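These are the residues of each chain, in order.
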Amino acid sequence: MGMLAVAAKRFVRSLAVISDEELIAEVLDGRTAAFAELASRYRDKVDRLCQRFFADREMVRDLAQESFIRAFAALSTFRAEMPFGGWLRAIVVNVCYDELRRKQRRPEELVADFSGPERMWAQLVNEATPEAIVQAAEERREANVLAHRLLETLRPEDRTVMILKETEDLSVSEIAKIMGWSEAKVKIRAFRARQAMRRQAERIFAARRSQAVR
Amino acid sequence: MNCFEARKAFPSFWRLMLTPEERTAFLAHVSRCARCDRAFRVFALTATVLHGDSASREPMPAQASVATHESSSYARREPAPTFRRGAPVTPVSPRASRTAWAAAALAAAALLAIYVATATPGQTFEDAITGEDAVGDLSTATPESAVFGDAVLDQDSLTQDPLTQPNGRANGVAG
Chain A
1 MGMLAVAAKR FVRSLAVISD EELIAEVLDG RTAAFAELAS RYRDKVDRLC
51 QRFFADREMV RDLAQESFIR AFAALSTFRA EMPFGGWLRA IVVNVCYDEL
101 RRKQRRPEEL VADFSGPERM WAQLVNEATP EAIVQAAEER REANVLAHRL
151 LETLRPEDRT VMILKETEDL SVSEIAKIMG WSEAKVKIRA FRARQAMRRQ
201 AERIFAARRS QAVR
Chain B
1 MNCFEARKAF PSFWRLMLTP EERTAFLAHV SRCARCDRAF RVFALTATVL
51 HGDSASREPM PAQASVATHE SSSYARREPA PTFRRGAPVT PVSPRASRTA
101 WAAAALAAAA LLAIYVATAT PGQTFEDAIT GEDAVGDLST ATPESAVFGD
151 AVLDQDSLTQ DPLTQPNGRA NGVAG
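Chains as they are written, first to last, in our numbering: chain A, 1 to 214; chain B, 1 to 175.
Rather than coming from a laboratory, the hints here were simulated on the basis of the structure.
Computed from a predicted structure; not experimentally measured.
Each residue gets a CB set at the ideal place from its N, CA and C atoms; glycine is no exception.
Careful, some of the hints might be misleading.
Straight-line Cα separation of at most 27 Å, DSSO-like style, residue types lysine-lysine; simulated pairs [claimed, not checked]:
{"no.": "1", "chain 1": "B", "residue 1": "Lys8", "chain 2": "A", "residue 2": "Lys187"}
{"no.": "2", "chain 1": "B", "residue 1": "Lys8", "chain 2": "A", "residue 2": "Lys185"}
{"no.": "3", "chain 1": "B", "residue 1": "Lys8", "chain 2": "A", "residue 2": "Lys103"}
{"no.": "4", "chain 1": "A", "residue 1": "Lys45", "chain 2": "B", "residue 2": "Lys8"}
{"no.": "5", "chain 1": "A", "residue 1": "Lys45", "chain 2": "A", "residue 2": "Lys103"}
{"no.": "6", "chain 1": "A", "residue 1": "Lys165", "chain 2": "B", "residue 2": "Lys8"}
{"no.": "7", "chain 1": "A", "residue 1": "Lys187", "chain 2": "A", "residue 2": "Lys45"}
{"no.": "8", "chain 1": "A", "residue 1": "Lys165", "chain 2": "A", "residue 2": "Lys185"}
{"no.": "9", "chain 1": "A", "residue 1": "Lys103", "chain 2": "A", "residue 2": "Lys177"}
{"no.": "10", "chain 1": "A", "residue 1": "Lys187", "chain 2": "A", "residue 2": "Lys103"}
Chain B regions said to be covered by chain A (calculated; three or more residues, Cβ under 8 Å) [to be verified]:
{"no.": "11", "region": "1-8"}
{"no.": "12", "region": "45-51"}
Using the sequences and the hints given, assemble the complete structure.
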């Protein structure tokens, strides 16, 4: 009878959508398998956030995994006042930021080695109408490659701020909390990121023009 | 549309989320403002990563609620539950609750009426219980109280908010 009750309870439980907080409580109680469910809920979002930082799929997978490992190790420090998604995002951002600092590329590497399709894309962005650019971007893999190469030229701090501001739509204070910086520093980094981006874009457009003249 | 509005609209334009009017205004502005035109081209160079395609646009949730997980793989594996643990209990409105009480009272009265109609002729329900002749009593009673009984017709019990208990707590909601 007791076993039946337990089985029935499990069945009813499996039908319900368990909240993140309940899953975390289960993990902290020793039922570590519950973390797999928690990870599956956020896997896609974590992958997507990592993809904003890095183009290499292998690296994205590694960083996502590293983020979940860090989250698991630090789960006891999670406080239910904040949403788990926000807490996990801070971990992912810090993992990616650490990796950016390790692998920083030099800006001069950018323009030197464009492939043909990337040049074509840069030309299109420089010359076509806004509507044509949006339309063309959907099918062009090189658009993604070039975007990543452009972002790679930014300093890790600038790039992180840019990604959090543009893709995650976070406020200055939210970014400051995640990164452990002052709000003034976030504003400065955002300003510098925009400036650097403009500079790099102009270099690309100028390189494209000079190649066309030759 | 001015420059500030146009630049705010870059992501929406990229994601095809502007209304036809906004789109027209945006394109008109960009076509006559060289600075915004240039800014859009710079924006476009990184937009595929920063503002991605429709599938990759959704940011991580700022508020991780149960509702946001309905599209997760876990929710897809299981049928949608009718009640989710942890979900707030939605109190029934006092008006709806009163209606329910009145319906229950009417149903009880209908059952009573059927019983009375099928009881021994010449005897009321009260007679059957007390063994007394209730005709005299019934003559002084209102037609409603004769059928429903005073307790059922107690107006307080019909008008009282069943959600409000004497201790002031809402019924069914943990305090």
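Tested hints:
1. As the CA atoms of Lys8/B and Lys187/A are separated by approximately 17 Å, the hinted pair is consistent with the 27 Å bound.
2. A C-alpha spacing of about 23 Å is found between Lys8/B and Lys185/A, which places the hinted pair at or below 27 Å, so the restraint holds.
3. Only pairs whose Cα atoms come within 27 Å are accepted, and Lys8/B paired with Lys103/A is rejected, the gap being roughly 32 Å.
4. Straight-line distance between C-alpha atoms of Lys45/A and Lys8/B comes to about 25 Å, which keeps the hinted pair within the 27 Å bound.
5. The straight-line distance between the Cα atoms of Lys45/A and Lys103/A is roughly 23 Å, inside the 27 Å bound, and the hint therefore holds.
6. Annotation: proposed proximity of Lys165/A to Lys8/B holds, straight-line Cα distance about 13 Å (limit 27 Å).
7. The suggested pairing of Lys187/A with Lys45/A holds, with an alpha-carbon distance near 26 Å, which does not exceed 27 Å.
8. Between Lys165/A and Lys185/A, the direct Cα distance comes to roughly 14 Å. Compliance with the 27 Å bound is thereby established for this hinted pair.
9. Taking the CA atoms of Lys103/A and Lys177/A, the gap is near 24 Å; set against the 27 Å cutoff, the hint holds.
10. For the given pair, Lys187/A sits about 24 Å from Lys103/A by alpha-carbon distance, which is consistent with the 27 Å threshold.
11. Only residues whose C-beta sits within less than 8 Å of a C-beta in chain A count toward coverage, and the region 1-8 of chain B has 0 of them, not enough to reach three; the restraint is violated.
12. Note: the region 45-51 of chain B has 7 residues with beta-carbon separation from chain A under 8 Å; the three-residue rule is met and the coverage holds.
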